Amino acid sequence: MDAPFSSAIAVEALVKLYKGATAVDGISFHLQPGSITGLLGGNGAGKTTTIAMIMGLVTPTSGTVIVLGAHMPKERYRVLHRMNFESPYVDMPMRLTVRQNLSVFAQLYAVADIGERIRSLAADLELTEFLDRPTGKLSAGQKTRVSLAKALLNRPEVLLLDEPTASLDPDTADWVRSRIERYRIENGATVLLASHNMTEVERLCERVIIMKKGRIEDDDTPERLLARYGRQTLEDVFLDVARGRGTQREAPQ
Amino acid sequence: MNRSDAGVDFSINRVAAMVRRYWYLLRSSWPRILDLIYWPTVQMLMWGFLQLYVSQQSGMFARAGGVFIGAVLLWDILFRGQLGFSISFLEEMYAHNLGNLMMSPLRPVEFIAALMIMSVVRLSIGMLPVTLLAIAFFGFNLWSLGVALAAFFLNLILTSWSIGIFVAGLLLRNGMGAESLAWTIMFLFLPLTCVYYPVAVLPSFLQYVAWSLPPTYVFEGMRALLIDQVFRADLMVEAFAFNVVLFAAASFAFVKLLQSARAQGSLLQTGE
Chain A
2 MDAPFSSAIA
12 VEALVKLYKG
22 ATAVDGISFH
32 LQPGSITGLL
42 GGNGAGKTTT
52 IAMIMGLVTP
62 TSGTVIVLGA
72 HMPKERYRVL
82 HRMNFESPYV
92 DMPMRLTVRQ
102 NLSVFAQLYA
112 VADIGERIRS
122 LAADLELTEF
132 LDRPTGKLSA
142 GQKTRVSLAK
152 ALLNRPEVLL
162 LDEPTASLDP
172 DTADWVRSRI
182 ERYRIENGAT
192 VLLASHNMTE
202 VERLCERVII
212 MKKGRIEDDD
222 TPERLLARYG
232 RQTLEDVFLD
242 VARGRGTQRE
252 APQ
Chain B
21 MNRSDAGVDF
31 SINRVAAMVR
41 RYWYLLRSSW
51 PRILDLIYWP
61 TVQMLMWGFL
71 QLYVSQQSGM
81 FARAGGVFIG
91 AVLLWDILFR
101 GQLGFSISFL
111 EEMYAHNLGN
121 LMMSPLRPVE
131 FIAALMIMSV
141 VRLSIGMLPV
151 TLLAIAFFGF
161 NLWSLGVALA
171 AFFLNLILTS
181 WSIGIFVAGL
191 LLRNGMGAES
201 LAWTIMFLFL
211 PLTCVYYPVA
221 VLPSFLQYVA
231 WSLPPTYVFE
241 GMRALLIDQV
251 FRADLMVEAF
261 AFNVVLFAAA
271 SFAFVKLLQS
281 ARAQGSLLQT
291 GE
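Protein sequences, first through last, are from chains A and B. This note's numbering applies: residue 2 is where the first sequence begins, and numbers increase by one. This note's numbering applies: residue 21 is where the second sequence begins, and numbers increase by one.
Rather than coming from a laboratory, the hints here were simulated on the basis of the structure. Keep in mind it's a predicted model, so treat the numbers as computed, not measured. Glycine included, every Cβ here is placed at the ideal spot set by N, Cα and C. Hints may contain errors.
To be verified - Which residues of chain A face chain B? A partial, calculated answer using Cβ under 8 Å:
| id | residue |
| --- | --- |
| 1 | V16 |
| 2 | Y19 |
| 3 | V59 |
| 4 | P74 |
| 5 | D92 |
| 6 | Q108 |
| 7 | V112 |
Next up, chain A with everything else stripped away, as it sits in the complex (with noise of 0.2 Å):
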């Protein structure tokens, strides 16, 4: 494993308890920068908890997590300008227009001229029909878009995606991951997708971490898990994992 301070994010025995229950088990990987890795597990696994134990959102109980450098949650206000998240279970406000949000968003995070990084994520998210429009008057995949639109406003080196494309029809899911990879391919970000869907993790990732009731059950790039796993696809390899039909993971190369 590389050094926690040359990764862009290092994750160690990362613990989580809430009232005795455990969320996250003695974790740790290293995330490269400019890499694309998946985050997968059923409900429960502690994707969630973990992706917010990243942003400095919920204090580990014990472990350690060094984002850029910085100890979460302790030093994140170091970091949390160079980094930004995506998730469908945070809404921008419904009353304020798109570009109200998007512009209050960019002051926040100190963009420099913010008119003009608007109007270019928007042309580029196909928004622009929609800037003065009500975020709450928008479709699931216009909403969809807005949110990314927040996530991408500061050119964040690290991007958290909590289900991106949760809800979304096949079209506009493919699209939205289409917007994603090319952003990580563009700017060098490191990328951390949480995520149920296997197509996506399948067709985005170079990495893939499994989790399991809090524990990292196996990671390795998609085509290793196939191979090993003797599957076609990762929703079987992920279906073996979570009935506990894995083969024993391989040690660490």
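Assemble the complex: chain A is given as a structure, and chain B must be docked to it using the hints.
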């Protein structure tokens, strides 16, 4: 740990962003603006007419011109100041936007500063027309109190912010289960701070409680000014001293409740 790590850096720009966000929200809805004016007007008219009636029956009340209207207007500064702070905070919870804010570079102190500014903005929208109506209907000019009004306002708004900060901490820690406190907590102050009667009316043990609350000094000061034509600066200084203690205690409680919310994962779930 440096100042930035501790989150004590302060950016006017981020405060301005939050104020802009609340201003957009306020101006997007005329019922929200009407609501700011409606109830203070109803209260002022009711107490004004009651005072008019009582003053016609009693010589003492005839001397104490404007004491009820003055009390209700000052009470509204206290009550609406806290409500303005808490409602702006609640808007973030209603909008499920707290996660976005808590994971942004916005510092808690900047968030609180924006809420304080919005409490004054909302209060001004509500109270300015009502003070003008009080002049028109009852000839009671709150603005004529001059320096005394400034001292009353400063002390009342400081108390309202302290309570608002404490309630925001409770909401962060306990979610929407604590919402009703935001609407009702200030009513505990209504009997104890002696808004409409002198402290001497209370039983002696309650008088100790009353004198530990900053608004009591303001309402006593208002009665001294309107009945005896004396501005009690000593009462205002004492109120300010209690306010400093109250504000520090509320800020400390907010920090502890926020730490607890981070530990318990409450910031992830801001529902019931």
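Evaluation of the provided hints:
no.: 1; hint: V16; verdict: 13 Å, violated
no.: 2; hint: Y19; verdict: 6 Å, holds
no.: 3; hint: V59; verdict: 5 Å, holds
no.: 4; hint: P74; verdict: 7 Å, holds
no.: 5; hint: D92; verdict: 4 Å, holds
no.: 6; hint: Q108; verdict: 4 Å, holds
no.: 7; hint: V112; verdict: 10 Å, violated
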